[in-house]
Amino acid sequence: MAERSGMVEKRGPGLWFTHLGLIIGVLIIFFPIWLAFVASTVTQPEITQPPMPLWPGDRFFENYRDALVSGVNAPVARMLANSLIMALGIAIGKIIISLLSAFAIVYFRFPGRRLFFWLIFLTLMLPVEVRIVPTYEVVAGFGMLNSYSGLIFPLIASATATFLFRQFFLTVPDELAEAARVDGARPMRFFIDILLPMSRTNIAALFVILFIYGWNQYLWPLLITTDPSMNTIVMGIKQMFPSGDDVADWPVIMATSILAMVPPIVVVISMQNLFIRGLVDSEK
Amino acid sequence: MLPILLLLPQIVITAVFFFYPAGQAVWQSLFIPDPFGLKSQFVGLGNFEYLLGDPYYRASFVTTAIFSGLVTLVSMGMALYLALLADRLIKGAGTYRTLLIWPYAVAPAVAGVLWLFMFNTRVGVVSWYLGLLGYDWNHVLNEGEAMGLVVAASSWGRVSYNFLFFLAGLQAIPRSVIEAAAIDGAHFWTRFRTIVFPLLSPTTFFLLVVNVVYAFFETFGVIHTITSGGPQQATTILVYKVYKDGFVGQDLGGSAAQSVILLFVVGLLTIVQFKFIERRVHY
Amino acid sequence: MATLKLNNIKKRFGSTDVIHGVDLDVADGEFIVIVGPSGCGKSTLLRMVAGLETVSSGEISIDGKRVNDLEPMDRDIAMVFQNYALYPHMSVFENISYGLKIAKTPKAEIAERVATAAKMLQLAPYLDRKPRELSGGQRQRVAMGRAIVRKPSVFLFDEPLSNLDAKLRVQMRLEIKALQKELGITSLYVTHDQVEAMTLADRMVVMNGGVADQIGAPLEVYANPATTFVAGFIGSPATNFLPVAALSSPRAGAATIGIRPEHARLVHAGTGQTNGMVKFSEALGAETLVHLVLPAGESFTVRQDGTMPCPQEGEHCGIDWAQDSEIPFGADSRRIEIP
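From first to last, the protein sequence lines are chains A, B and C. Taking the working numbering, the leading residue of the first sequence gets 2, the next gets one more, and so forth. Taking the working numbering, the leading residue of the second sequence gets 7, the next gets one more, and so forth. Taking the working numbering, the leading residue of the third sequence gets 707, the next gets one more, and so forth.
With the rest of the complex left out, here is chain A (with noise of 0.2 Å):
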């Protein structure tokens, strides 16, 4: 992006306050995570006995050590695999599925195909929330109850990228098509040499998005693992408080929901200009 600026451009004060404004914006937003995180790094008391420090301590590798090895209910690290796996099941199979999908639909003339693009349409906005209980009976009926396939499947089972991906093959020019024909390539032959290979930002940038969606997912695991360690670290998190009158072990809690938030974040800052095209793009 060149450098440029919306607003005619300030100078002297007006820059000064610019920044300033900015920067409180900053701090608000991350005060939580801050707080989280000294939470994360000091002793049960100092929680307890309020106010808390506003600056880390020095039980870091203590807390995380409890959390990852033990935790409240399963090892932490147990939870953090189950997340990864989740996530990237979703992010990967969904990928997979939506590319061959929206490769028949956009390269191929048959019966029933404009019937096949209304049906994706129907399912573009339809989250998981709004059929839970119907589709909780049907993983429950396949036994998927506590299961990896259980966590993944229905949350792939939308049309998102399928649409996405017909958007983009549909601005890949036909001639490109016909010469990989002349070549002598068949159809997969030019899906896998040709078409994967253009397509390469466009997973990457999709492939963000569907890891911190599924990453992110708190209903859906809430409802079919009932077995500590099938739990995610994001609805784990919230099994770790006490019921009733007990007090929570904030440290290991607040340990958690640290990292519960460093993969996603990590892969949003590693790839920020994929993912904010992929994300522009896909809300097109």
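If you are wondering where the hints come from, they were derived from the structure by calculation, not from laboratory data. Bear in mind that the values here come from a model prediction, so they are computed numbers and not experimental data. Ideal Cβ placement from N, Cα and C applies to all residues, glycine included. Just so you know, not all the hints are guaranteed correct.
Here's a subset of chain C near chain A, in silico, CB distances under 7 Å, partners left out [stated by the list, open to error]:
| # | residue |
| --- | --- |
| 1 | Leu758 |
| 2 | Pro778 |
| 3 | Met785 |
| 4 | Phe787 |
| 5 | Ala791 |
| 6 | Tyr793 |
| 7 | His795 |
| 8 | Thr811 |
| 9 | Val973 |
| 10 | Phe1006 |
Take the given structure of chain A and dock chains B and C to it, following the hints.
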């Protein structure tokens, strides 16, 4: 043959985990199961009639409207403010973007835990300092405070998302237009009101729709972690009620009917969004 | 090396006929250019030969073998596309060799064939680059290279130069012609640019509304256009048309006559075949184009030497030409032979 083969995985997964359950929801909404779950009785639109007459359900509608209105307003207002500031910078807008993008990656449920921690009635830092100022914060008992807290926690992560879109929208406005207005003598506020905001309206409208959708469906984690719908029903939004009646209360027919009503709401929002996108193409 | 034969080729899209039966015999090594305005069906015709469009009726044969139902790759053809259709993620080498790789050609042979083609097209230094790192002319050459390495029986070109700037177009035109002569491969070339058609073709096919109006050597077509369409389309500036009724003496059997701009000259008002008023003149240096409007409202262009005096706007002039330079057309727009 090949295209059908390519479509097969998607067809099977969507049919089994999407269309069948959605159809089931519609079907179940017409029945009331007996208490032993052995038989169910056809009641037609009875479940819907009951729901629409149910004061709790109607209250949940109002709660949802207030909640999504506030989330949309707070998160978009804050995001627009920050985007306007960042857009004024010649250098450093990218840095602020990187700093502000973080909360997007934080799950709503985790955001709920973070905010719960800050406002916890026993150990929360913010509630403690409020206490020093003589304000007795207690979202466990006070309905208004509970709503305020879930709105704040839900809006927080959303600011990043809206900021990205507003900044992109602002940066897409040709600089010459704004310079021309500045030469015409328009001051910041006038320029914003008469030029920037109208040119930003496609982005604003788009964000309005997606934020409402977000507040409707994706904030379950926030509500569940912070208030569990309480106190009383003060923060029971529609999606939370589907979960509570269906899984906690085991009222399958009623929960299914609620799902169907939500289906219509989503459908409506989808239509609004696509109409809008169609229009935007012609801009 | 092969012959190509089109026998009464027709194309229908739904209920619309777009090609109404084209016959063409292409000799081995011949360079045929199909020229016509957009929408005349020339690209569709080429794509049917390539196998990218189905043939509604008629027969296409390459080297005497019917190819109607063969996939493009089985027709032994190679095609150069208008937008080059280079694979953006592949290097020049990979682009050129992709077809050979699919055909499971041995690696050593691929390397050798690509090297030969690259040398011929001066692409050798760029083999590792991606298409986006190349200039328009270089991309064009890569597209050519991709066609050449296949050693096909027939080359198909679909407006290959239309995306280049004017100067490069002239240069590439010469290169294509030289290359085709050197390789001696039968070629079918589609363009809307009549200059390209004139300069490249051994024979050209002038298409109009799905019909081949005329097939012949360029100069033959220029001198003896078969229809008013051909007369108007080939040659720039276009042929002037006059209804015979506007002339002082009748022409036997003709409804319209065509006069090439270079065959007319300006004379004193009242002394030529007809009169006109000068609308404007374009002095191009070597020649001057004088645009006139005739009393009945038709436009008329005279091409004269750049050294001739240039008339003023609004000036009335006579226009004269030798009667044997007239091209007479009947009421059906077809050329008639005057005995």
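Each hint tested on the structure:
Among the interface hints, the one on C/Leu758 holds; its C-beta lies about 5 Å from the nearest C-beta in chain A, closer than the 7 Å criterion. Here the hint on C/Pro778 is kept, as its CB sits about 5 Å from the closest CB of chain A, short of 7 Å. Interface hint at C/Met785: satisfied, since its Cβ lies 5 Å from the closest Cβ of chain A, which is below the 7 Å cut-off. Below 7 Å, beta-carbon pairs count as interface contacts, and C/Phe787 has one with chain A at about 5 Å; its hint therefore holds.
The interface hint given for C/Ala791 is met, as the beta carbon of that residue sits about 4 Å from the closest beta carbon of chain A, less than 7 Å. Annotation: interface hint on C/Tyr793 holds; nearest CB of chain A at approximately 6 Å, less than 7 Å. For C/His795, the interface hint holds, since its Cβ comes within 7 Å of a Cβ in chain A; the closest pair sits about 4 Å apart. A hinted interface residue such as C/Thr811 counts as satisfied when its beta carbon comes closer than 7 Å to some beta carbon of chain A; here the least separation is about 11 Å, so the hint is violated.
Restraint check, C/Val973 versus chain A: the minimum CB separation of about 53 Å is more than 7 Å; hint violated. Proximity of C/Phe1006 to chain A is violated relative to the hint, the smallest CB-CB distance being about 42 Å (cut-off 7 Å).
The earlier numbered hints that this structure contradicts are 8, 9 and 10.
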